[in-house]
Structures are given as C-alpha cells and as structure tokens.
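Student: Quick note, the sequences are listed as chains A and B, same order. In terms of our numbering, the first sequence opens at residue 1 and continues consecutively. In terms of our numbering, the second sequence opens at residue 1 and continues consecutively.
FYI, nobody ran anything at the bench for these hints, they're computed from the structure. Keep in mind that this is a model prediction, so the values were computed, not measured. Note that CB positions come from ideal geometry on N, CA and C, so glycine has one too. Wrong hints could be hidden among the right ones.
[Stated by the list, open to error] Sample of chain B residues at the chain A side, in silico, Cβ under 10 Å: (1) F4; (2) N5; (3) E9; (4) V13; (5) P20; (6) T27; (7) E54; (8) V58; (9) K66; (10) H80; (11) M82; (12) K243; (13) R257; (14) S268; (15) H275.
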Amino acid sequence: MTDDELIWRIAGGSGDGIDSTSQNFAKALMRSGLNVFTHRHYPSRIRGGHTYVEIRASDEPVKSRGDGYNFLLSLGDSFARNPQEEAYYGNEEIKPLSENLDELREGGVIVYDAGLLDTDEIENFDERVKENNWHVYDLDLRGLAKEHGREVMRNTAGVGATAALLDLDLDPIENLMEDAMSGDVLESNLTILHEAYESVNEDYEHTHDLRAPTGSHDEEQVLVSGSHGIAYGALDEGCRFISGYPMTPWTDVFTIMTQHLPDMGGISEQVEDEIAAASLAIGASHAGAKAMSGSSGGGFALMSEPLGLAEITETPLVLVESMRAGPSTGMPTKPEQGDLEHVLYTSQGDSNRVVFAPGDPAECYEQTRKAFEIAYDYQIPSIVVYDQKLSGGHQTIPERVFDEEPNPDLGSVVTEQDLEEAAKEAGRFKRYVYDGEGGVSPRSLPGQKGGNFLASGNEHNEVGHISEDPDNRVIQMNRRMAKLDSIREELDADAGHQAVYGPEDAQYGILSWGSTKGVAEEAVDRLNADGHSVKSMNVSDMMPFAKDEVTAFLESVDEALVVEMNATAQFRRHVQGQLGRFGEKLYSLLKYDGNPFEPEEVVSGFETRIGGEDQLTEYNVRIESATGD
Amino acid sequence: MSAFNAIGEEREVDRDEFTPEIEPQATWCPGCGDFGVLKALKQAMPEVGRNPEETLLVTGIGCSGKLSSYFRSYGFRGNHFMHTARENHDMTYIVFDNEIFGLTKGQTSPTSPKGHKSKTQPHGSAKQPIRPLSLALTSGASYVARTAAVNPNQAKEILTEAMEHDGFAHVDFLTQCPTWNKDAKQYVPYIDIQDSDDYDFDIHDRGEAAEMMQTAEDALYEGEVLTGRFYQDEDRPSYQQEKQATGDMPEEPLAERYFDDDYEWERSYDLLERHK
Numbered sequence: 001m002t003d004d005e006l007i008w009r010i011a012g013g014s015g016d017g018i019d020s021t022s023q024n025f026a027k028a029l030m031r032s033g034l035n036v037f038t039h040r041h042y043p044s045r046i047r048g049g050h051t052y053v054e055i056r057a058s059d060e061p062v063k064s065r066g067d068g069y070n071f072l073l074s075l076g077d078s079f080a081r082n083p084q085e086e087a088y089y090g091n092e093e094i095k096p097l098s099e100n101l102d103e104l105r106e107g108g109v110i111v112y113d114a115g116l117l118d119t120d121e122i123e124n125f126d127e128r129v130k131e132n133n134w135h136v137y138d139l140d141l142r143g144l145a146k147e148h149g150r151e152v153m154r155n156t157a158g159v160g161a162t163a164a165l166l167d168l169d170l171d172p173i174e175n176l177m178e179d180a181m182s183g184d185v186l187e188s189n190l191t192i193l194h195e196a197y198e199s200v201n202e203d204y205e206h207t208h209d210l211r212a213p214t215g216s217h218d219e220e221q222v223l224v225s226g227s228h229g230i231a232y233g234a235l236d237e238g239c240r241f242i243s244g245y246p247m248t249p250w251t252d253v254f255t256i257m258t259q260h261l262p263d264m265g266g267i268s269e270q271v272e273d274e275i276a277a278a279s280l281a282i283g284a285s286h287a288g289a290k291a292m293s294g295s296s297g298g299g300f301a302l303m304s305e306p307l308g309l310a311e312i313t314e315t316p317l318v319l320v321e322s323m324r325a326g327p328s329t330g331m332p333t334k335p336e337q338g339d340l341e342h343v344l345y346t347s348q349g350d351s352n353r354v355v356f357a358p359g360d361p362a363e364c365y366e367q368t369r370k371a372f373e374i375a376y377d378y379q380i381p382s383i384v385v386y387d388q389k390l391s392g393g394h395q396t397i398p399e400r401v402f403d404e405e406p407n408p409d410l411g412s413v414v415t416e417q418d419l420e421e422a423a424k425e426a427g428r429f430k431r432y433v434y435d436g437e438g439g440v441s442p443r444s445l446p447g448q449k450g451g452n453f454l455a456s457g458n459e460h461n462e463v464g465h466i467s468e469d470p471d472n473r474v475i476q477m478n479r480r481m482a483k484l485d486s487i488r489e490e491l492d493a494d495a496g497h498q499a500v501y502g503p504e505d506a507q508y509g510i511l512s513w514g515s516t517k518g519v520a521e522e523a524v525d526r527l528n529a530d531g532h533s534v535k536s537m538n539v540s541d542m543m544p545f546a547k548d549e550v551t552a553f554l555e556s557v558d559e560a561l562v563v564e565m566n567a568t569a570q571f572r573r574h575v576q577g578q579l580g581r582f583g584e585k586l587y588s589l590l591k592y593d594g595n596p597f598e599p600e601e602v603v604s605g606f607e608t609r610i611g612g613e614d615q616l617t618e619y620n621v622r623i624e625s626a627t628g629d
Numbered sequence: 001m002s003a004f005n006a007i008g009e010e011r012e013v014d015r016d017e018f019t020p021e022i023e024p025q026a027t028w029c030p031g032c033g034d035f036g037v038l039k040a041l042k043q044a045m046p047e048v049g050r051n052p053e054e055t056l057l058v059t060g061i062g063c064s065g066k067l068s069s070y071f072r073s074y075g076f077r078g079n080h081f082m083h084t085a086r087e088n089h090d091m092t093y094i095v096f097d098n099e100i101f102g103l104t105k106g107q108t109s110p111t112s113p114k115g116h117k118s119k120t121q122p123h124g125s126a127k128q129p130i131r132p133l134s135l136a137l138t139s140g141a142s143y144v145a146r147t148a149a150v151n152p153n154q155a156k157e158i159l160t161e162a163m164e165h166d167g168f169a170h171v172d173f174l175t176q177c178p179t180w181n182k183d184a185k186q187y188v189p190y191i192d193i194q195d196s197d198d199y200d201f202d203i204h205d206r207g208e209a210a211e212m213m214q215t216a217e218d219a220l221y222e223g224e225v226l227t228g229r230f231y232q233d234e235d236r237p238s239y240q241q242e243k244q245a246t247g248d249m250p251e252e253p254l255a256e257r258y259f260d261d262d263y264e265w266e267r268s269y270d271l272l273e274r275h276k
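Please construct the entire structure, taking both the sequences and the accompanying hints into account.
Tutor: See below:
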C-alpha cells in the first residue's frame, strides 16, 4: 500500500452510467501521465444492484486492483428495488454508500449524492467516519445535474467534484467528453462539470490530504482490457471469422470482433447456441478461413462435442473460454479460475489440444497470436482461457505491444501445385499421411483441384476413409498425439510464456496462473521489501505444459505457494500431475468468493505459511498443503 | 488467378466422378434405402453441373452418415435444423427418413409412429411423430419436397431442383430400413402429388402447402406414400445474399484472400486511437 496512489471507486446501480464514466475518468488519468488499472464489480441484472468500478492510478507500475481504496464517489442507485420497503435485498438505494465503507482506507475521501442518499439510514455512520478519519463531502449531485441538464448527468457532477477535491486538471476530462458527446448533451455536461468543480472549491472546506499523484510516461500508452488483447491478437493473425452466442463475460471479445470484422471484409455470426458456434468456426476453418469461437464455462460445455471433432479431423480452431464462478450458472459476473480442468479435458477420448492462460492484456494479445499460429501450423484446436477479471479490467500498456506485423498465414495447407505433384508421386493426395513431419500431415481446402478428402469424426486411414484397423488406429493416434511434443519443442525454443519475477536466487516461490499474475508480482515486491526472499512464476502454457521451466523454478526454491481463484487447487494438481513430484514443496492459497485477490491477501497468506501457521482467518482465503508427489 | 480452380470450372461432369477411386465396400444392408439416396445424388450432380472438388457434402452419424464415405467430394461428418432453415442458407438438406434408429439396433426415432414398439420403448412410444415437412416450412425452408429411395427418377429430379434452388432446400428422403423396420412399408406404392389428379394446390402458397403437408404426413402412417414438391419460394434471398446486401459478408470467398500476396491486411495497431 503506497501513499502516492489513488484508488477511486465510483458506486451506483447498474444502468447509472458507472461504466462509461469510469472509462473516461481512467483515460483522463492515463493522459495525465499515470499508470492505470481498473476493476469492475457488478451484479447479474440489467438495472440496479450494487455496482462499482475501481480505478487505481499511480506513477509506479500498477498490476492489480490494490488493497482497499481511498476515494469513494457514491452516486446512489436510481434503479433500486423497493427503496421504501425493507425487502429481501434490504434498502438498496443506500447500498452504493453503505456497502462500500468496509474497504475504504483510513483517511479516505467520501463524496456522496445528498440528493439521493441519507446517511441517517446507515448505522453508526458518523462514528465510523470519525473512527476512520474519513473526509465526507455531501453534494446534491442530482439537484445540480437537474438544474443544468438531466438527472442522469449526475455522474458528470461527481467527476467534477472529484477533480476539484484531487486538484486535477479539467482539460483531459473535457477533451474526452468532447470526443464522446456533441450538441446540447455536451454543453449540459460541460456546464455540470464546471458547476460541480466550482461549487466544491467555493462552498466546501477541503480537510483531506489526498491528492491525485502526478507522473509521466516514457512512451505512448493505451488503456485496454484482456478482451481487447485477445480480439486484436486474433485480427492480427488474419482471423476474419467469428461465431458465437452471448454469455458473460465472453461477450466482450465477441462484441469487439463484431465491431471490426465487417469493415475488414470479415464475417461475424451470432448463432442459436454454442454447439452451432463452435461447429460454424470449424466449418469456416475447413473451408480455408482463419476462424474462432468462444464462450464462458456453461457455453463451453456445449462445445465439447465439436471440440473433439476438430481434434480428430485435425481442423485448426481457436476457442476462447472466459471463466466466471461456477458450477452451472454460478455467479455470472464474478471471476473465478475454476474451468482449468474443463478446458483441458472436456470431450470424449484422449484430449489433444493446446491451452494457453495469459496473465494480462499484453499476454492476451501475444498468446492469442501464438494460439492461432499453432492451431494452423499443427492443425489442432488451441484454447485461450482467461477470466472475468481479465476480460473487463482495463490496464495501461505501451502502444508498441500492438506494433506488430499481421500474420495471415494459413499454416500447413497445400496449394494446387503441391496437389498436382502429390498426384504424380503417390497417385493421389493423402490428407492423413502417416509420416507427416512432427506429426503434421498436409491439408487441402475445398475447391482445390485434386485435394478432395473426407474429414471424418470416425477414425480414418491416410486418405480419410473410416477405418477400425488396429494398426492404423495406433499410428493415427500416435501421430496426432506427437504434435503436442513438437509444439512443446517449438515453445521451448521461444523465450517462453512463463513470466518470472523477482530475484533469481530467492528462497521461496509464488506460483500462479492467468490473471493472478499481477497480484502475485505485487506481493513479491512487498514481501522482499519486508525482508523476505521471494520470486514468482506465472504459468501460461497449460498444454502442452511448460515442464522444463516450471521444474527449474520449483527446484530453485525451498517451498512455493500456489495462488489461484478456485476451491480445489486445479492448477496445483495439474502441476503435480504433469511433473510427478514437488508435493512436499507446494502449498495452495485459494480464494473463491467472487472477488479477485488483493496483494495483501497473498502477502498474509505467504507470511502465515512461512510462519508455520495453518490458516489465516482475516480474509476469505484458504491455505491447503499438497499431498503425495 | 484463383487458388481454387475447381470452383466454377466450366466442363461436363460425369456421375462416375463421384465414385471414390478406392471405393469402400458400403456397410449398408442389402435392400437399404440409403443406396437410393447415393444413386440419386450421383445422378443429380451432372444435372447441376458441379464437380466433386467444388462440392461439400456434410453428413451426420450412423448409417446415413456414411454417405460421405461413398461419395467423392470434400466430405465432412457433423440439430440445428430450425435455425439453418430460418436463415435460408443456400444449401440442400437431405433427411434420411426411415422412422427408426437403425445402426444402434432399431430404437424408436422421432419419426417412428405413435405406439411403435422397440427395446427402448417396449410398451410402445407415447410420442407423436415429428411432422418433418411442416417443421421445415414453419422453420423457414424455402424449398420443401419428399421423395423415396424406391422412386429413383423422382429422387434425382428433386435433388437436382433442390441443389439449384437459391436458399435452404429440405428434402425428406424416405429410406426404408429392411433390417430394423420390417413392419414399415417399403414406401410402395408411392404417389407423386404433382402427377396425381387427387391433389391440386399451389406450391408457392404457404397456406395451401401447409395443408398438403399435413395430409401427406398423416397419410404416411395410414400406408399412403405421398411424395413430390410441397413448397417453393423463389423470391426470398438466401442468407448469403441478405448478409452481402448489408455489407456483413464479403463478395469474394474468404479463403481466396489468404492466397493473395498483394492483399493489405488490416492491423490492430490502426485501431488504437479509441484507447488513448
């Protein structure tokens, strides 16, 4: 926890414009030279309900949501249910204020809409304010918005008040509003922004010390989410076909792709369900397009059958799986890393697929590109698994991450010339030839002269005809499975996707996967600053597993804490299963309450474990030791 | 120059081209209606004028799914019927209707008559059979016909029409299962409703077509096999035409682009203004 950071939380109901307001404010902070990280917390309903967005901004790198927060803008929930009654959900109208107090740091600032919220309705409010040294500013944001425009513009009034209290320049905020609005709406919003700004400066005594940090960037930054990383990676690999069915949080990727594809001469198809979605992508790929589909856990379950079809027909396919808390519908808008085993093994038969788990938006971009490259070179399905946190959370990253050349290569496909030569040599084209290099046999596309073949979900012989011959079966199975070894070799020849952080000779390790990367790295910094000796590794190559890199890491440390957002330690057990050892060195830190880890939880988990304590009771997390090898 | 020269090739097409070079011995039972579909399809192809390498045959699972093994083309073996019909994709959909699940040894299928007894429905099925023709019409198919394996000439003509139709063409193909559905008729005698004086309706009129379909569906379980064309809408654009009209689908096949060395591929780097 540093003093020179701002963690601004805007709270209200779904439909109150929290998302768009926070997006613009985050951008304004980025434009002022700060590094920004956002965290979205929202319920599964269209209107109303406890919603907030946190924006963490600092001159230092920010890799997680941070611990707690220090500035609350509470708008009130204009879509609250039964505000006058004590309903099942309690008094919803007051929740944007009452529900957010527990995590507000000492000395923090509260701005609330006195036009909607009455602090008398919150138990011991004044005592808590005093106890925590909070600085409270009650502004009639609604009244101000109504006077100069419309009630919905009260979020703009809130931003104006924020800027005044933090000494922020209004120019970047105004510029962003000018980009997004025009005409009377823009005029009203600008007036409201200035009125609120001036009112706070003129009518209120500023008692707090908190100010917006200042900073500057060495290079141009962009504010993007993991979903942007994935979509842009796909576009740069020449993916021009996507099929899908809406499901939170995967819909983000689907929407971004759909926004761009028609302009690029591509195709986006919303279909009847996820079976159709994955099948359409397979069809498009079979016909010679670079294609993708995706879903979240429940929809991905429906893709099991087509996924197996892609494996046995060796049709290149990229699927993305955006995890949310399960089982079943679970908690649709909350993050969890509970689908690792689902993506690794779903579908009948021995699984034959590639799985990557990127840890941040830049890795989303890079690994989606790699997923396409491998899928088309090796004719195998590649899955990119990530979660709700990474899907919707935005982060500043250097613009140069995306300054890469497109790669529209279709991989291991033949041309009509190749087919003519094959006909001369072997009499006919063999789609599933036994001795393909690295397990890869040549692929033809419908419409090519001399390339016809049967892509069958049945086991098949070299030309594709159904075959139950035992020798053919073993040869074809071994050839398909050998592709994973070839892929591992190629990945090991690269620099590796596993992100190692901290001093090389550290005594202890933290092992994480996917979106827990940033929080683990921040915990490493804090622990080392406190005199511990710790490094971290975030693993992305789930299948084929990064055996060598993870083995080397675990051999170099006395003990490692495996941090993941699920209840059954899926990743830790995957590590043990893949490596067949290290059971004595591994401990899990598990969290599955629907909220991502905060750095302090990882720090405390580590210290509890090293201190020999069994469990820490302060947080919603659990420590578990590994068993067996 | 195209990288896909089999597409749109101007030449005479012979039915024998659709026989695989290494012809696998068909695993269908003697007297199976599936032979009738294979034969009719091979006969229809020269009429349509398409060659094997520009033809994509997608089949399902079970005996009927093996059609793609015995027909030379770019094959693919993969219930999304309703939406595909609704969207009017330009394709021909052949349903092998034998009122039974054959390969798994004779269980009741959705077109088995009510009361049909099998090992999985020992007391007789309590379910009404699906009305395949009405279902196709209601779902949005723009061409609906019924033919039978025992009527090869009509089958060839209907498959040809179906493939030439711009939009979703549904062909309910009665394929007798001599092994597992012995009680069922061999679909003889059959009546071609266009040739019969007993039936007079306009195939372009949804209402009249719907009525005719109901008659045919009920008659089948009474032992009267009514086949022929039931519905056609030639004015409705196919899905592809609709999408192209709104700019949501390119005019050229996507695959060509990957073989075009001069194509300027768009970059995500040029989309970043919105993120600054």
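Student: Indicate, hint by hint, whether the structure satisfies it.
Tutor: Hints versus structure:
no. : hint : verdict
1   : F4   : 3 Å, holds
2   : N5   : 5 Å, holds
3   : E9   : 8 Å, holds
4   : V13  : 14 Å, violated
5   : P20  : 8 Å, holds
6   : T27  : 9 Å, holds
7   : E54  : 6 Å, holds
8   : V58  : 8 Å, holds
9   : K66  : 7 Å, holds
10  : H80  : 5 Å, holds
11  : M82  : 8 Å, holds
12  : K243 : 8 Å, holds
13  : R257 : 7 Å, holds
14  : S268 : 3 Å, holds
15  : H275 : 4 Å, holds
Of the hints listed earlier, the one the structure fails to meet is number 4.
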